[in-house]
Amino acid sequence: MKGTEARLARIRGRAVPRNHNARTIAALASNPGCARRAILDAAGVDKQRIAAFTGFPAPFGQSRFALARGNAFEAQLKAEGAAQLLALLREQLNLPIPKAHYDDLTEVGGNTSPELRHARTKSLLLGIARNTGDNGTMFDHPLLRLEVGGRYAYLEPDLIAFRVEGKFSVVEVKSFPVIDGQADGEKVAAAAIQSAVYVLALRDLLGDPGAVHHETILVCPENFSSRPVAAKLDVRKQLAVLCRQLSRLARIDDLLGLLPPGLTFDLDPDDAGVPRREPADLAGAIRTVGARYAPECLNTCEMCFFCRDEARDDTARLGKSTREELGGIEHIAAVLGFARGTGAPDPALAEAAVTLRAAARLRADVLGEAV
Amino acid sequence: MSTLRALARVIAAERQFAQPICTVRHVHVSDRPLVVIPLALSGEACAPLAAMVGDDPREPGLLLVPEPRDRDQRFAFAAELAGVAGPYIDSYAHDEPDDAPQFLLPNPAAVAFIRLLGRSTRFRRTEGAYAVPAAVPLLGRWLTFYTERAEVPPSSLMLVLTDVLAGHWATGQSPMEDQNLSAIIGWIDPPPGMTGAQAALAAEDPVRCPPAGPATDPTFDNEVLEARMLAVRTARSTGDGRALARATARMAEALRTQLEPTWTLMWRAVDLLRALPEGGHVPGRWAADCAAFGSYLDYLRGGGPPQAKRDGAVSAARRLANLERAQERLAVERAYDDSLIMAEYRMTGEAFAGTVVAAEPDRIDATGKRRVLRPRVTVETSDMVLARPGAVLTSPARPGQEAKVIEVLDDAPSQVVLELKGGMGRSLTPEPGSVPAVGERVCYATFSDRFQPTAAFPPPEETPWTHGGPPPQYVPRDEDATEVWS
Amino acid sequence: MTSAAELAERATSEILADLGRTQRGVVVDSPPGAGKSTLVVRAAAALADAGEKIMVIAQTNEQVDDLTDRLADACPGLMIGRLSGSDYIPAERVARHDTVTVSTKAADLAGCVAVLGTAHKWAMTSADAARPWAVVDEAYQMRSDLLLRVAHLFDRALLVGDPGQLDPFSTIETERWTGLTWDPMQSAVAVLLRHNPDIPVHALPVSWRLPAMAAPVVSEAFYPFTGFAAATGERERRIEFTTRPFGMNVLDQTLETAARSGWALHELPARHSMRTDAEVAAACAALAVRFLQRGAVAHSERGAASVGGSRIAVGTAHRDQAQAVRSALRQAGVTGVTVDTANSLQGREFDVTIAWHPLSGRRDATAFHLESGRLCVLTSRHRHACVVVARAGIPELLDAHPSTDPVYLNVPVKFPDGWEANQALMAHLSDYKVRAL
Amino acid sequence: MSEGVEILERRLDRLRVAVREAVIAGERDRASALRRELRQAEQEWEQALAQAAESLPRAGEPGVSGSQAGGPRAAVGGGDSPLLPLREQVYEALALLAVPAAPRLIATVHEAFFATTFPGSKLTSLKRDEERSFRTAPYARPYYICAALTADLLAPARGLLAVSTWPMECRVIGSLSPRVDFLTAAINVAAAVERLTQPVPAARRLLWRFAASIPGAAEDANRIDPRRVIHAAEAEREVHEPGDREARGAGARRAREQLDEVQQLFGAPLRTAATQAGRTQGRRA
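Residue numbers (the numbering used here), protein chains in the order written: chain A, 1 to 371; chain B, 372 to 857; chain C, 858 to 1294; chain D, 1295 to 1579.
These are calculated hints, taken from the structure and not from any lab test.
Positions of the beta carbon are idealized from the N, C-alpha and C atoms, including for glycine.
Do not rely on the hints blindly, as some may be mistaken.
[Unchecked claim] Simulated pairs of lysine to aspartate or glutamate, DMTMM-like, Cα-Cα distance not exceeding 20 Å:
1. Lys320(A) - Glu1030(C)
2. Lys99(A) - Glu1338(D)
3. Lys1271(C) - Glu186(A)
4. Lys320(A) - Glu854(B)
5. Lys320(A) - Glu1253(C)
6. Lys775(B) - Glu1253(C)
[As the list claims (entries may be wrong)] Residues of chain A clear of chain B, computed beta-carbon distances all greater than 10 Å:
7. Gly33
8. Pro177
9. Asp180
10. Phe224
11. Arg248
12. Asp254
13. Leu258
14. Asp268
15. Arg277
16. Glu324
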């Protein structure tokens, strides 16, 4: 692992490594077949920065209105010892009345260092887990830790873990609405996998998988109000997915072995921190790591515009279902070659060629012009 | 996605311009549609921020919510929208209408927003606590009616323009990117001097090409909108009317810059669609739309309650059955109307087109009790033919006529012998033109536009125990009418 | 140790006892070949014995005919009605029974103690055809909305089906009903249990169909929570060939592997292909032909029997794939081998099945191709051996599969996960791989 | 409108576009430089506008088809300047609640019962000022706005303000204390509502906020009975009180033994992680 760590550090260069958080860990599952993303994530490269540096800034931004709404909803739930959240847990999850403890782990005596907060979280939760008495219910902002690709990632969860009948549950607060019992499936999916990250980290901390429920609690505003509503999420599938992806990250050596030995994404900053590296040179270095672009990347990955540009002559940029109909042929030119009967004969693609030829013939037949 | 459409995408990518995937237009486009472009405040469940509305391209109507988190202003927005949409709907509200209001929205997210707007307004009351103007709950019901129709595949009452355009043209980008109205129009009809691909790329710059909403660009929110909203709030708190008017005008100006480009695009899309010839079944489907509009109008006049929040067991099952039938029917009608769609079925062997090489138009079958006219024709085709002897086919050119497959000779080209029944008049000699002649181009499909009758469902009050028993009768509740919207 | 027969008998008597007690109904989960039809017939007979008038609801005419035939055999004196559509021509196995009356009208069959029909036919029947008891077969493949249309015809119901097979589906894509307990797109069993959580759910514990080599694999991959065992022992089922090949080509290697171990993975070189991959189609056909050429004989607890064309099936994910295999078989001059999609093979049984792996040659896995029910049907139709035909690269494809499916509130999570099930089965098959180069 | 204003407005628009472009391109430094430029231009614009306004007669308001149903709101903050210094207003609110409270709640209470409001954010510096004042001249004032202390570390509890004259037991926060204090606050707010001679909507809204989170306190924001709130809150408080009293008592004893005068009011600095961990275990054992 030492060699791997050194290799990844060289790839990252002088930039400060990007730490993983629940969101980035959850994103490991969004395109696990992409070696480029795997390497960049494992090395802790600032993808946003290098994408922008090569002229393809990521299309993601967040509106302050959305941020403010999210923060206000969380603050409202947690005000006065999380009184509103407590009422919700009582009402919707039958939390017994005596369970009303609230421990704030946001800071340790005014200190917010992650190590200290983690130590405090660990000693408090372990102490409670080993003690059978009912002396803890809600834990605000516990600081958890998870090993990701050989490094520890501190997880800064906006969550309260709560404990009832000797088992901990993870509560995830989100500000998207639940309207008449329904919420956006993609947003719930993102919340579920993030909760699963916390479940995993919490199990890890307690050293006992049985101590944490696989059902997490999602708290969202109800309908058009800011009144909270809770829903249970079974995250067993998400846990399986995460474990799989984390174990893949541990196998990053396989990928590193395929890369040129001197590879680095260092921007070569001068003393003032101004990059001296040529963007084209960096882009060339990035291209030595193969990507698996799909249009879905446009929603999830900071490198998406870079990879889309790179894939402009590939059927991949037309979407998965289009490529499927084209028999998985990779290049647009090859597809058209087959369709026009001018493509070099390749026995492996003979069948696709016949199909495309037939499609071209039909299209020409109807439109009265050659494709 | 069929291979033919995939091929069209590839061609579009190569030529850098969108390629047609239809030869006719499969939706109705009204002479006077109502364009609605809503914008929402980021992060909120359903907070209208602004909208551009109107049925005349020269007169975009801007509606603005200076303080989108204020409940009263939200209802004021709903009332204003009702002030535009209400009279527009009323202008079609005749007995048994032969035309109907048509709503045009830019993208699926706009429909989702309008659906929520309908949901948050239709239960409101016009008296008592939190009373709203009568137009508000009425608008809510209409918006709900329209967004529900938007789920029905053959309906044109509410059109989502990105979807309609993507249904008629293939671009050289992915279906996901086609959801950007500006990008897809760029592919179809780029500005002079640009390729479609270049226009689509330019459309991704949110500063030059504001998104069609309802979500606004985050940098617009952070760098422009927030300051202008704050200015309005400050002016209001100081009670300076002139400052307030000025701040409000500046906020409106900022939002106008976000909406106007989309407004222009919407009407360009309308022009693009109008330029296509209309498919043969489109008027029939529009007539069904008009009837649906008319019957909801009657329902409202009869004082029916607002649509339920969620479907009950029976209405869900019935709706699903209707949607499935409608979708199946639409697929067939589109293929019958459009030779390029039919080509997708020819590709899979579910239809074939060819030339009649032999015909016995006067052939009589005398084996039964009665002598009957059963002409036979032989069709030669280079399409794949999956139909086997005994299968009954239909031709779009002669939908009333059944063609039974007698024999298939699987050489290339294949020859198919068909025996015809029906649609030839009553005598033992076929009416002229009712039997395809030698040399005629014909097309036969394994599907026809004749359909199964509708399924019977129990009335909701007889919902069986397997499905939770009869649901409680809907009674308008205070809770619904006064629900928080903030 | 309890024998398989005793286990199964105990489960059946518990079910029959529950029938006598229940207010509403009983659900029985039946893994592949666990004697579902036998149970339906026994339950029907028991209820008839107890003086109840019953209706039997199955999903296809084929299934109704099978059950009619078996019930008539099991209860020689019982008056049985076969409710049918207007274009139904009575199958020979129905027509041969004197006790069976066939009619399109339920009123004509009022005198019959048991009346059998398809769910669609029952749905068009008026309420006066109601009976106190219904036995619903293949209930996991029946859609909730169809149950809604027939439920007024009975007071109590026994629902029997295989939860591991394919879920019902709709061509309509909508999120409109997600989270509703009466979501019309879910299965009849799901809707019934969500509204009547007290209804007892039994599971049949023994598969009579799957051989000892297959039961644990299928059980673990597709029935992780209930599980089941094979009724027959380790060496009770085997295939032998009456001819020996000259040399040993890959087809024969695959056949030998399958005959020896009950499983084989016939692996073609990795390649992204059209859905109707001609080489895979050819391989599926060639394997079927080779089984026939080699004169396979199946030895089992029922004795020895030649494996004819009717005892072999080729299963695919898509109709056009089945088409491609059929035409390859036609060209080889072979008829009688069943070639169909997983959907159509549900509930059927063969000695040997050849399964075209749904993920073969694909660049991306979709929810359709990953669905655990599809793979389960394809790999659990056989009494002796299952040969999976696929291009290399499926484990890599699974590895690269993104997990981005939407999650809906108040929708029970379904197990097993298609990804996990595929992974489990591929891990097992890797020991029985024959490379066809 | 003067020409200068219009030119400035066009420049503002250009700058805003430039800022957005820089943000989108991921050029953070350029974006902040441009933002600075923008802010300056905005100030110039404001000034130009003010000058223009002075030179112009009051004109009719330009029409915008915008909804302003709310109309101009009653002036908030700006109009009625506070009669008392901030620390005294905070004291008033805390004295009513009689438990340590967060700035936002303090502000809401004051608005409801004393009809003046201040942004909760103003209170962040208050505690620091009070500590400085106490260090300079201890006990010179009848009371100080001080910290609540965490029962385990005796460090200032995050985001809570208290009054120096309260018994130490009241200012020490154990894990049940937030709930107990919430219920006590509810009781005191209900009592204060009951004492009101005429209905004050803001006070009733505040009471509803409490009541909604207490089992059996009220069903509906419009029908809320202070007596019932008090009854329900007392009933629940009885459940938690024994455990809470024990934790607070132990904490208060340690505070009195271990902390100096300033620390007793404003909290102890953090010890090393090791003693802290040991302490935690001790408390939980």
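Notebook entry, point to check: Is the nearest CB of chain B more than 10 Å from the CB of Arg277(A)?
Noted result: Given that every Cβ of chain B is farther than 10 Å from that of Arg277(A), nearest at about 26 Å, it holds.
Margin query: The output says Pro177(A) does not contact chain B. Does that hold with a beta carbon cutoff of 10 Å?
Written below: The assertion about Pro177(A) is violated, with a minimum of 4 Å to chain B.
Item checked: Restraint status (C-alpha distance of Lys99(A) to Glu1338(D) at most 20 Å) -> violated (58 Å)
Notebook entry, point to check: Are all beta-carbon distances from Asp254(A) to chain B longer than 10 Å?
Noted result: Since the minimum Cβ distance to chain B is about 30 Å, Asp254(A) lies beyond 10 Å and the statement holds.
Item checked: Least C-beta distance between Leu258(A) and chain B, which was stated to exceed 10 Å -> The claim stands: Leu258(A) keeps its Cβ more than 10 Å from every Cβ of chain B (closest is about 28 Å).
Next item on the list: Would you check whether the claim that Glu324(A) is not at the interface survives, using Cβ distances to chain B and the 10 Å cut-off?
Entry: Its Cβ does come within 10 Å of chain B, the nearest being 7 Å, so this is violated.
Notebook entry, point to check: Is the Cβ of Arg248(A) farther than 10 Å from every Cβ of chain B?
Noted result: holds (26 Å)
Note to self: Can you confirm whether the C-alpha distance between Lys320(A) and Glu854(B) stays at or below 20 Å?
What the structure shows: violated (43 Å)
Item checked: Hint consistency between Lys320(A) and Glu1253(C) [alpha-carbon to alpha-carbon, up to 20 Å] -> holds (17 Å)
Check: Regarding the assertion that Phe224(A) does not contact chain B, is the least Cβ-Cβ distance greater than 10 Å?
Finding: violated (4 Å)
Margin query: Lys775(B) and Glu1253(C) were given as a pair; does the straight-line alpha-carbon distance stay at or below 20 Å?
Written below: With a Cα-Cα distance of about 48 Å, the restraint between Lys775(B) and Glu1253(C) is violated, given a limit of 20 Å.
Next item on the list: Take a quick look at whether Lys320(A) and Glu1030(C) sit within 20 Å of each other, Cα to Cα.
Entry: holds (18 Å)
Consistency with the previously given hints fails for numbers 2, 4, 6, 8, 9, 10 and 16, ordered from lowest to highest.
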